[in-house]
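K.L.:
Required output: the full structure, derived from the provided sequences and hints.
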Amino acid sequence: MSEPLLSVRDLHITYATHDGSRVPAVRGVSFEIDAGGSMGLAGESGCGKSTLANSLLRLLPVGTEVTGEVVLGGKNVLSLNPGGLRAVRWTSGAIVFQGALHALNPVQAVGRQIAEPMLVHDTASSEQAARRRTVELLGRVGLPGARADSYPHELSGGQRQRVLIAMALACDPLLLIADEPTTALDLMVQAQVLALLDELKQERNLTLLFITHDLSVLTYACQRLAIMYAGRIVEEGPSWEVFGEAAHPYTRGLAAAFPTIGDLSSRMAPAGLAGDPPTPGNLPQGCPFNPRCPLAQDGCRDAEPELRIAGPERRAACILV
Amino acid sequence: MHPGVTPLVEVDDVHVHFGRSRAVDGASLRMFAGEVLALVGESGSGKTTLIRAIQGLQRTTAGAIRLEGRPMNATTRRAVQTLFSDPAVQMVFQDPTGALNPRQTIYEIVAEGLRIGRHGKDEREKVAEALSRAGLRPPERFLTMYPHEISGGQRQRVVIAGAMVMEPRLLLADEPVASLDASIRGEILALMRRLVDETGLAILVVTHDLGLAWNIADRVAVMYLGRIVETGPTEAILSDPKHPYTRALLSVVPETREMEQQILIGEIPDSARIPGGCRFHPRCPLLQSGTLPPEVAARCPTDDPGPVAGDLAAGAACWAVPPG
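Chains A and B supply the protein sequences, listed in that same order.
Counting in this note's numbering, the first sequence runs from 1 upward without gaps.
Counting in this note's numbering, the second sequence runs from 1001 upward without gaps.
No wet-lab data here; the hints were simulated from the structure.
Honestly, I wouldn't trust all of these hints.
Sample of chain A residues facing chain B (criterion: CB under 10 Å; computed from the structure) [claimed, not checked]:
#1 Asp186
#2 Ala195
#3 Ala221
#4 Asp263
Positions of the beta carbon are idealized from the N, C-alpha and C atoms, including for glycine.
P.N.:
If you want it as structure tokens, here you go:
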């Protein structure tokens, strides 16, 4: 059994809004990822998945209240001093952000942007060494080294996403957090980026946390899957089992939205989930999914269900499990 | 398939060139009332330019577009303006939040097309009916609301209501669910299919989502570098694609994991530098596999297989695919 590289325990994240009210975005999340493992985190907009991702490297706005424990490579990220935090960012864990256009500086050549974390973290001994390593990294993500002198607007969406991956790899992180890395990309470019992430994962024994609303992509790319709803994990387990035989009615609804081509039951029959997710500050009584749940019964409005065992290595938060 | 019926839309060998760039380079297709056609392909395949030409938003360089037999494509700026105001063709854009004016009420947004086209008789009833048809019921509840007061899924329903209020015969939808959550996606697609089945509307939907085609489309047309390279009934195209480009696209859909992945190298070439011979040959996995008979492989880099016919017959523009 390998040690977990990332261990999150009872994480709560509450945003402070301008009018002084407090909005709970993450409400008690616990999970672990083994070194070299991969986990996908899925859920609708507003379920707290990106907040959770940003909290792992403490990238949330000042004033956000975070409690619980985030242990990354043996260090409790939440209690690190600024110097310790700087050492963890980029080197222990790095993020590939969503929206490759906005995450890059438009007036700086991409090579300089890739080299910057190496120089800041002293993982390159000189400008020349950083430059050499940048060209090497660009080659590794499938771009010619000459692209180091290109500006973001000169690259296609897929090429920019490759640049962001190269940048995230600059300081040889142990954990790579990818927040919707393929959402804006075409089908073929998405496949190229997923294949690249998979190769890098094998070759560097990278640990991967992959966040997107596209359950089918996660199932393909990750060993384990966690489904979030209203700030909590409501189901967790091996990817194909969670996608194929969901234990939670929410996961089942979400999975049905991704039709299997060739499956006649979804031909001319698009499936979705009626209703909208609850607003974080105003959750329904009991199970937060009960107003949209096709199987809701009286007991569902009493108390919010905790995660319970739903099979080998599987957990689900539903009273019907 | 439809003998004697005038097609709703005929696109005949349409070209749209921007200088040396041939964004649409000889595309042909037919559509009939009451059907959904999915136009699929990568960014840069020219699919958005083609539907802009059908909408009258884009001047064509050559070829003909006819709507119910009437010539439709605009070669002059003035003609573009006249055609754009034809209520028979309406459009649904990708991002509902960007498509709605945040300072207008839902009522004003949906009524806007009626006012511009001076179709304003019974405006209130028409708006209410369009909202209700788009699944926003009861419509009175939404009339005075603003876009920020409703959810993302409801916003896309408002966009659809704004198109439906014009009683169009053709709806052009450019990635209508790509920016929506998966849970909402199914609901919007179900709505689109219901509108087609109930009102005889035709929808031309541009997407790179083959699951969407499987969910709602009667037929699929696959576009590559300005041309339609394969077309046919959805079941045939998605269960037994003939063109190596379609096969590669289908193989990388995450849901089709039994298929061996064929990840194409690189991206679609610049439309100012369309390769000679078959335009797909530099990326073609079939040609690269070396399994083609030598007489076929010799033609790929030199002879253009030409576009597929615009009629309803299934076809693939590939030397390795026997005709018929």
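K.L.:
Take the hints in turn and mark each one as holding or not.
P.N.:
Here is how each hint holds up against the structure:
| no. | hint | result |
| --- | --- | --- |
| 1 | Asp186 | holds (5 Å) |
| 2 | Ala195 | holds (6 Å) |
| 3 | Ala221 | holds (8 Å) |
| 4 | Asp263 | holds (8 Å) |
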